[in-house]
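Undergrad: Spelled out, the chains give:
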Amino acid sequence: MAENTSAAAEAYWKANIRLVLWLLAVWFAVSYGAGILLADWLDQFRIAGFKLGFWFAQQGSIYVFVALIFVYVWRMNKLDREHDVHED
Amino acid sequence: MDVMTWTYLIVGASFVLYIGIAIWSRAGSTSEYYVAGGGVSPVANGMATAADWMSAASFISMAGLIAFMGRDGSVYLMGWTGGYVLLALLLAPYLRKFGKFTVPDFVGDRYYSSTARMVAVICAIFVSFTYVAGQMRGVGIVFSRFLEVDITAGVIIGMAIVFFYAVLGGMKGITYTQVAQYCVLIFAYMVPAIFISLLLTGNPIPQLGFGAKTADGVYLLDKLDGLVTELGFTAYTAGVKPTIDVFCITLALMVGTAGLPHVIVRFFTVPKVRDARRSAGWALVFIAILYTTAPAIAAFARTNLIETIHDKPYAEAPTWVQSWEKTGLIKWEDKNADGAMQYVAAPADNEMTIDRDIMVLANPEIAKLPNWVIALVAAGGLAAALSTAAGLLLVISTSISHDLLKKTLMPGITDKQELLFARCAAAVAICIAGYLGINPPGFVAQVVAFAFGLAASSFFPAIILGIFSKRMNKEGAIAGMVTGISITAAYIVYFKFVNPAANVPANWFLGVSPEGFGTIGMVVNFAVATAVAALTKAPPRDVQQIVEHIRVPRGAGAAHAH
Numbered sequence: 001m002a003e004n005t006s007a008a009a010e011a012y013w014k015a016n017i018r019l020v021l022w023l024l025a026v027w028f029a030v031s032y033g034a035g036i037l038l039a040d041w042l043d044q045f046r047i048a049g050f051k052l053g054f055w056f057a058q059q060g061s062i063y064v065f066v067a068l069i070f071v072y073v074w075r076m077n078k079l080d081r082e083h084d085v086h087e088d
Numbered sequence: 001m002d003v004m005t006w007t008y009l010i011v012g013a014s015f016v017l018y019i020g021i022a023i024w025s026r027a028g029s030t031s032e033y034y035v036a037g038g039g040v041s042p043v044a045n046g047m048a049t050a051a052d053w054m055s056a057a058s059f060i061s062m063a064g065l066i067a068f069m070g071r072d073g074s075v076y077l078m079g080w081t082g083g084y085v086l087l088a089l090l091l092a093p094y095l096r097k098f099g100k101f102t103v104p105d106f107v108g109d110r111y112y113s114s115t116a117r118m119v120a121v122i123c124a125i126f127v128s129f130t131y132v133a134g135q136m137r138g139v140g141i142v143f144s145r146f147l148e149v150d151i152t153a154g155v156i157i158g159m160a161i162v163f164f165y166a167v168l169g170g171m172k173g174i175t176y177t178q179v180a181q182y183c184v185l186i187f188a189y190m191v192p193a194i195f196i197s198l199l200l201t202g203n204p205i206p207q208l209g210f211g212a213k214t215a216d217g218v219y220l221l222d223k224l225d226g227l228v229t230e231l232g233f234t235a236y237t238a239g240v241k242p243t244i245d246v247f248c249i250t251l252a253l254m255v256g257t258a259g260l261p262h263v264i265v266r267f268f269t270v271p272k273v274r275d276a277r278r279s280a281g282w283a284l285v286f287i288a289i290l291y292t293t294a295p296a297i298a299a300f301a302r303t304n305l306i307e308t309i310h311d312k313p314y315a316e317a318p319t320w321v322q323s324w325e326k327t328g329l330i331k332w333e334d335k336n337a338d339g340a341m342q343y344v345a346a347p348a349d350n351e352m353t354i355d356r357d358i359m360v361l362a363n364p365e366i367a368k369l370p371n372w373v374i375a376l377v378a379a380g381g382l383a384a385a386l387s388t389a390a391g392l393l394l395v396i397s398t399s400i401s402h403d404l405l406k407k408t409l410m411p412g413i414t415d416k417q418e419l420l421f422a423r424c425a426a427a428v429a430i431c432i433a434g435y436l437g438i439n440p441p442g443f444v445a446q447v448v449a450f451a452f453g454l455a456a457s458s459f460f461p462a463i464i465l466g467i468f469s470k471r472m473n474k475e476g477a478i479a480g481m482v483t484g485i486s487i488t489a490a491y492i493v494y495f496k497f498v499n500p501a502a503n504v505p506a507n508w509f510l511g512v513s514p515e516g517f518g519t520i521g522m523v524v525n526f527a528v529a530t531a532v533a534a535l536t537k538a539p540p541r542d543v544q545q546i547v548e549h550i551r552v553p554r555g556a557g558a559a560h561a562h
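Heads up: the sequence lines are chains A and B, in that order. If you number the first sequence the way full-length UniProt numbering does, the last residue is 88 and the count never jumps. If you number the second sequence the way full-length UniProt numbering does, the last residue is 562 and the count never jumps.
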């Protein structure tokens, strides 16, 4: 029984880590990627009056950050239920 | 009505509101005082976190900084928002499950060591004090400019207000006051932004107006690039800082944000793990409203400023130029004696010295907005400064009454006595903060930025490893924290205080400025902690069980003293 519980906890934790790593990859890509490392290259493209790299650095990355947290909340709530570790 | 009457009216009304809330929500127990009884809804907590987080610097200084830095200013925008992703994904849910009152609580228990706890207490108090002094200064500046009282009187009024609701209400009073303060500050930030966006681009949403065309059919940013390059500055949308430095500063600010004790402690106030996750999301939504508007305001303000003053005769200057000259934040010297104000990049020909801090405060006047908007901005600046000051004072008072007295020096005190000590500590802390606000050591502004580097190189790795590595032991964590914070502090102190003349990119380690060095300190902390932990024995079984326990959401009770 104890072994089952610890195997289940292990599986939940692995799934959690996988989700977090995916989200952090996006987090890195929009801010450090598009907003800093590739910004000069992206500046050749435009949306409205913005150069794209500049837009990511001053606007786009922030919108993506907000979206990332809500995706995390939604996926984690689902994961909690699937692995039967949710509250109440 | 004139600006002064409006300011007294609006600022006065906001203060009455804060005090009213404080009386309604005063704290009766340590749990209410430290974590608002753990019963705050995630949306309200998100709003309070946003007000707590957005300080006088965010409200007053940030848009001005960006206006003069152009694309390089992005480090603040991404750095001070991206940290919430780390906080939501890596820290908040686990610390909420752990269910204690403070960050040193976690460090002390997870690393089964009172040395680790003390290191954490000292870091928390140091970071919070440097920060709070800057807030009181912000209060003083707003009072002196808009109500024409002197800075000392302004700081004392601010101290009295914070004293009232922080000492009386504790976390409970602070949380609900911060919700009100968020509403005041965001309204005060958005109203002028919307007006100015409409005036310049015809689009009422600043985030869109930022990328829209001005009346003459040119995109605002292209026009601004043209204006600044003509005056000899670098193009607004191009950066001048080296990429590695931008990278490191952004990372240090993000990780520092996630490691700041007054931000982390906010996630102890919600009822469930699930709420802690959601709450971080809401906090970032409320922060993002201001943080995506700030760069738009920056671009609007820089354009307006150049068009209003450059090459215009001083005799015809708008009244705000004289009123800010009186505070010493704008200076004009007629170097070529033509009676006009030249604002150009070359220091020899430039005649205008403009303090970055006034951009947001003077913006409504520059754009000729009605008097009540100017008064509103004053109330917003005060709300931002007071809400952050209150959050920081609470961390200081909790560190002293809970971590230092109850957990270390006087374990026998009752809940009532602990609460009394917490209130006394808050009162003393307010007086020290007020003193620092009236007599600011010259380095406050610089030190505030470094608080992030120090938090990044000490707390963040210790907490992350405490959650994600069961093998991490006290030897590793303490060695990591001590080396991380020491090399970061040494690097900063050397370049900023010991040998400021050497503070040029050629001398920097790998081209990383002192502002970004927290990133290197963090990497060193992780490396040292991992190496030392591998060489010393694993943590005891019951500590490993704590780690297993916090990784699973089920079973989170209300925060309690254990």
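These are calculated hints, taken from the structure and not from any lab test. Watch out, some of these pointers could steer you wrong.
What the hints assert, rightly or not - Taking beta-carbon pairs under 8 Å as the criterion, some of the chain A residues facing chain B (in silico):
#, residue
1, Ala11
2, Leu23
3, Ala25
4, Gly35
5, Leu37
6, Leu38
7, Leu42
8, Phe45
9, Lys51
10, Phe70
11, Glu82
Backbone N, C-alpha and C fix where the C-beta goes; we use that ideal spot for every residue, glycine too.
Undergrad: Now tell me if each hint is right for this structure.
TA: Cross-check of the supplied hints:
Hint status for alanine 11 of chain A relative to chain B: violated, with the closest Cβ pair at about 12 Å, above 8 Å. Against a cut-off of 8 Å between C-beta atoms, the interface hint on leucine 23 of chain A holds, since the closest Cβ of chain B lies about 6 Å away. The interface hint given for alanine 25 of chain A is violated, since its Cβ lies 12 Å from the closest Cβ of chain B, which is over the 8 Å cut-off. Nearest Cβ of chain B to the Cβ of glycine 35 of chain A: about 6 Å, under the 8 Å cut. The hint holds.
Taken as an interface hint, leucine 37 of chain A checks out: its beta carbon lies about 7 Å from the nearest beta carbon of chain B, inside 8 Å. Annotation: leucine 38 of chain A was flagged as interfacial toward chain B, and the flag is violated, the nearest CB pair being 10 Å apart, outside 8 Å. At about 12 Å, the closest approach between the beta carbon of leucine 42 of chain A and any beta carbon in chain B exceeds 8 Å, and the interface hint on this residue is violated. Contact between phenylalanine 45 of chain A and chain B, as hinted, is not supported at the beta carbon level, the nearest pair being about 13 Å apart and thus beyond 8 Å.
A cut of 8 Å between beta carbons decides the hint on lysine 51 of chain A: the least distance to chain B is about 5 Å, and the hint holds. With a cut of 8 Å, the hint placing phenylalanine 70 of chain A at the interface with chain B holds, because the nearest CB-to-CB distance is about 5 Å. Checking glutamate 82 of chain A against chain B by beta carbon gives a least distance of about 13 Å; that is not within 8 Å, so the hint is violated.
This entry does not satisfy hints 1, 3, 6, 7, 8, 11, going by the numbered hints stated previously.
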